[in-house]
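*Asks:* Could you use the hints to bring the two separately framed chains together as a complex?
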Amino acid sequence: MEDPQGLEGSQPVGLSKHPSGIVPTLQNIVSTVNLDCKLDLKAIALQARNAEYNPNRFAAVIMRIREPKTTALMFASGKMVCTGAKSEEQSRLAARKYARIIQKLGFPAKFKDFKIQNIVGSCDVKFPIRLEELAYAHGAFSLYDPELFPGLIYRMKQPKIVLLIFVSGKIVLTGAKARDETYTAFENIYPVLTEFQKVQQWSPSCSCVVEISSLVMEVSFLWQRVTT
Amino acid sequence: MSDSYCPDCKRNTEVVCDHAAGDTVCSECGLVLEARSIDETSEWRTFADDSGDHDPNRVGGPVNPLLGDGALTTVISRAANGSNADSSLARLQNRGGDPDRAIVLAFKAISNMADRLSLVTTIKDRASEIYKRLEDQKCTRGRNLEALVAACIYIACRQEGKPRTVKEICSIVAGATKKEIGRAKEFIVKQLKVEMGESMEMGTIHAGDYLRRFCSNLGMSNEEVKAVQETVQKAGDFDIRRSPISIAAAIIFMVTQLSESKKPLRDISIATTVAEGTIKNAYRDLYPHAARIIPEWYAKERDLKNLSSPKA
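Protein sequences, first through last, are from chains A and B. Quick note: the first sequence, position 173, residue 173 per UniProt numbering, numbers continuous. Quick note: the second sequence, position 96, residue 96 per UniProt numbering, numbers continuous.
Isolated chain B (complex conformation) (with noise of 0.2 Å):
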């Protein structure tokens, strides 16, 4: 039952919607306002415990357009009422071997990695196609796949914006060390500058980039977020010698020091992947500068007094 307009009545009217014939009729003077409705509901249901064998899909998955055609060849299937001659042919064409194989091995590998670290699918689809550039120049052979795969998301993350720490891709994979990593996303830069060109700048990394991330990770409060985002912006302009994510680490630490929930040096450390005792050096070289940085309206002076002297 529903409320539309009739032309017939020139006003609305309540409105049937009669699902046999797909027609809707106006209830007040019976005239068909639509005839032939095509039902969009699902056609039927699919239980877990159904045999698999009469599935009634007409379609098969999404087309991927990395995968070498698309997937479109005609498999020989086997027949369900045991082994006959049929079979015969069946294990001949998969005796023949994918070609796609290394290929799709690859993209499940990055597809699990990604589920890991909660990436979107834009970083994802990004990572595939750079493994599939690295496989048409045919350089994947006798290369750890899953450093050359490591390297692959790291760089996808690099280029959508969104920057992850070789560490924590480190965390996630079990074959690779950052050496490894760092070696092969070194390799996988060099053969696609030749190809891709522009495209494979990265700029270099930033502390800011990674702020938001450590930050809800620690579950910090809206105001220490924008305390922190200032705070590294103005620690920019001084000559702090450490690797932008210590600085951030280290920041994080400052600010979180000065609010009134003091995280601990060991959550932060787990949460930006530095190590304690770099973020302690990191703080010993921003301590000077404390007062200069960090923004008037988070903290006075007299709070930065208590902030904990480093012991040099």
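Next comes chain A alone, as it looks inside the complex (with noise of 0.2 Å):
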């Protein structure tokens, strides 16, 4: 029983999996796959289309397709990464459609040794975080300086991922080989999560002249529409 890749938001989500009811969505898949040839950059930028070789700044040619939208990162060693994917099976399509365009251009390219290397989730719990208070709690694995960096940078020992909590209540979650890693360490972090939840304080003041009130509470209104 599969679940569809792209109506995971519409799809009653599987409870037994996903207790906390939230299914990270995937952004971005980072793969590799050895090509097993030397490749010829020049060559391939001058005669590939959409393909950018500049040797003063990087030793790559960067190669873009539409569809699935990716960009690749092609070494005169003959190793590939592509990079820009929603789902690991467009990560491997993508690659394979690279390895065609090399392919075309008369190069043995093979489609040796694919793998993830990276797989970056978001999502949002849809309730704001108390992240100082969640650096107390968990300061072996906490860093939060919000001069530096508005968002909490977690790092999950058991899996072993990084996630960026931010005050809105929006999580990244990144350095996961397989999905399943995401989904594992969202489900470790959403209990701690609900446990640091922002109680809204909202005391509609009385006491305010009519004008300042009036205003006070269109903005008010603007305000909470805007962040929820």
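These are calculated hints, taken from the structure and not from any lab test. Heads up, the beta-carbon is just placed ideally off N, CA and C, and yes, glycines get one too. One or more of the hints may lead you astray.
Below, a sample of chain B positions facing chain A; criterion: calculated Cβ distance under 10 Å [unchecked claim]: (1) G208; (2) L211; (3) D239; (4) P244.
*Replies:* Structural data, given as structure tokens:
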């Protein structure tokens, strides 16, 4: 029984697998593959469309395809990095397309050792979070310095994932080699986040003069609409 | 001439100090009250134009426990009467290379920066200690010294509970950007967490930590300072998603706008090292809560009406 990738938001979420009720959406997959033949970068850059090669800046050809919308870095050794895909299958498909382009250009490209190196996912828990207290409670794993970066950097040990937790409740998970690691990491952090939920303090001030109170009400409605 | 109690006369009598023998003698009965008193005034005077040669000092400088051997080495001096055979020995010793040179250089840099920021000796010493620990772990090789030293000072200030914003430290350091100092700080904390453990724990920064300094830089009155402190306390309850320093700057702006002496945005921007645009944005976020966070005794409702509404 497979979850169709694109319809995750609207499908009823499997509560056995995702007890929190939220599934992180994958935003970026980085994968590598070995084409197993030496490449002539200059020739590739001249012949292929959508390829850029600037040896002074970076020693690889940067090629892009439209479907799936991805970017590939191809090195002279024959190794290739494919980034920008939204799912593992798309990443594999894109890598195959790039290999096909190289084959068409005349190089004996193969498709060896395709491996997904990094999966980036994001989600929204829909409530604000008290980052400072979270940083205090989980000091060994958290790094929170509002001057340097507005989000809390949480380095989970098991699975080894890095999470960026923001005040708004939006979470970014990165460093996974498999989709399940992302899901497990999110399920691990969700109870912690609910524990440090920011309770909204909203006391309507009745002692205000009419003009000020109406202005404040107006602004507060706008503010609520923007933040929820 | 002074008065002191003479045990023979059994009352306070005039006492004379004879400096030749160091005696304190009662002028009435001649009893010596104190013999051979030690003169604690300075032995000699030093002038700027004196020849540097004959230095009557019998002791060296204060011992710095952080420098390897406390600088207790013996060096071969250079004879003043030109170079002769002995100077070759001095040259050979100098060529050996001072193991402490890197640390001494770093300490000098720390000292310079601390002076520029007018930091107390406690913070300076703590920063030097942090650097020494890093040097012991041999992690300072091949790293931007300026950024590392700036980060040491930043951490020392935080640990002492008197944090300085990264931008303030940036302003007095020539060779480091905010990013580099941030990276260096993360590096230092990671390296020393293993060794020092709990003592490297620095709490998160709060707006209140910086208030006193910002307010005094702007020359605000005591009443305004108290109002700002109370406002910051109350503002902590509301969900304002901005850096604590921007919030502090915006609150200072709001409170000064309500007072008689309105500080221009530019002055506040310079004193708090927050960009003018950022202060305006934070002010816009704070404005809806103005009535609730500004203390009653400072500004009445109608004064708040005069508060300029931020142009959305």
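*Asks:* Of the numbered hints stated previously, which ones are contradicted by the structure, given in increasing order?
*Replies:* Failing hints, ascending: 1, 2.
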